[in-house]
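Asks: Residue numbers (this note's numbering), protein chains in the order written: chain X, 102 to 215; chain P, 6 to 118.
Warning: the hint list may mix true and false statements.
Keeping only pairs whose Cα atoms sit at most 30 angstroms apart, straight-line, the calculated DSS-like set for lysine-lysine is [to be verified]:
#1 P:K105 with P:K74
#2 X:K112 with X:K172
#3 X:K158 with X:K172
#4 P:K54 with P:K74
#5 X:K112 with P:K105
#6 P:K83 with P:K54
#7 P:K54 with X:K158
#8 P:K105 with X:K158
#9 P:K105 with P:K83
#10 P:K54 with P:K105
#11 X:K172 with P:K105
#12 X:K112 with X:K158
Here are some of the chain P residues that sit facing chain X, going by a computed Cβ distance under 10 angstroms [as the list claims (entries may be wrong)]:
#13 S14
#14 Q43
#15 V107
I should point out that these hints are in silico values taken from the structure, not numbers from a laboratory. Even for Gly, the Cβ is constructed at its ideal location relative to N, Cα and C.
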Amino acid sequence: DTGVSQNPRHKITKRGQNVTFRCDPISEHNRLYWYRQTLGQGPEFLTYFQNEAQLEKSRLLSDRFSAERPKGSFSTLEIQRTEQGDSAMYLCASSFGGANYGYTFGSGTRLTVV
Amino acid sequence: AQSVTQLDSQVPVFEEAPVELRCNYSSSVSVYLFWYVQYPNQGLQLLLKYLSGSTLVESINGFEAEFNKSQTSFHLRKPSVHISDTAEYFCAALIQGAQKLVFGQGTRLTINP
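Construct the complete structure from the given sequences, taking the supplied hints into account.
Replies: Laid out in structure tokens, this is it:
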């Protein structure tokens, strides 16, 4: 069990560029979650996968955001045409069974849009 | 709608003093409750959770939280804090059967020597 791994740890991009983040969950965990955390706030839910199926998406996930989990293992979160308001920490978490068991979070990817 | 409120954004205490971090939730249905801790430049770690049964839950590092249904609270306490407890603490709620955690705004615990 190597934990939840997120790459990159930091990303600085110019406004209008596309960025992609990767999350590798704990191998036996079938559920994967993406959250966004802005400065001074708690994490906000973005989306959730059970195996390869994306089962829930937040209204925060605008058309510029897309998430995939093609083989039910790692996941990617892509942001197209980034805006300064996208600057945040993007957190990935995974769980085995339901969320009531508690998530295991990764260390996050900090995105700065300049 | 479900919401979680952490009443204090910052709590400074002296080392070895007791501390209470307050959390209230609002939900029209039954919820599970969690406390997560976030150390600087790290992800969130599960500290403790209430699912059912005894209303008092404990963590391995001396924290405890009590579920109070009538007051819709889940306050976190520790009788004697250490410098290493310096971190941000997040309370979270999960509607039973759902997968989405709703987090409070966080409380930054600062321990002064």
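Asks: Look at each hint and say if it fits the structure.
Replies: Do the hints match the structure? See the list:
With a C-alpha separation of about 21 angstroms, the suggested pairing of K105 of chain P with K74 of chain P holds against the 30 angstroms cut-off. Between the alpha carbons of K112 of chain X and K172 of chain X the distance comes to roughly 25 angstroms, so the proposed pair stays at or under 30 angstroms and holds. Taking the CA atoms of K158 of chain X and K172 of chain X, the gap is about 19 angstroms. The hint holds against a cut of 30 angstroms. About 15 angstroms separates the Cα atoms of K54 of chain P and K74 of chain P, which keeps this hinted pair within 30 angstroms; it holds.
Between the alpha carbons of K112 of chain X and K105 of chain P the distance comes to roughly 26 angstroms, so the proposed pair stays at or under 30 angstroms and holds. The straight-line distance between the Cα atoms of K83 of chain P and K54 of chain P is roughly 15 angstroms, inside the 30 angstroms bound, and the hint therefore holds. Taking the CA atoms of K54 of chain P and K158 of chain X, the gap is near 25 angstroms; set against the 30 angstroms cutoff, the hint holds. This hinted pair checks out: K105 of chain P and K158 of chain X have alpha carbons roughly 10 angstroms apart, not beyond 30 angstroms.
Between the alpha carbons of K105 of chain P and K83 of chain P the distance comes to roughly 28 angstroms, so the proposed pair stays at or under 30 angstroms and holds. Under the criterion of a C-alpha separation no larger than 30 angstroms, the hint pairing K54 of chain P with K105 of chain P is consistent with the structure, at around 15 angstroms. For the hint pairing K172 of chain X with K105 of chain P, the CA-to-CA distance comes to about 22 angstroms; that is within 30 angstroms, so the pair holds. Distance restraint check for K112 of chain X and K158 of chain X: the Cα-Cα separation of roughly 24 angstroms lies within the 30 angstroms cut-off, and the hinted pair is therefore satisfied.
Using the Cβ-Cβ criterion of 10 angstroms, the hint placing S14 of chain P at the interface with chain X is satisfied: the shortest such distance is roughly 8 angstroms. The beta carbon of Q43 of chain P comes within 9 angstroms of a beta carbon in chain X, closer than 10 angstroms, and the hint placing it at the interface holds. This hint holds: V107 of chain P has a C-beta 7 angstroms from the nearest C-beta of chain X, less than the 10 angstroms allowed.
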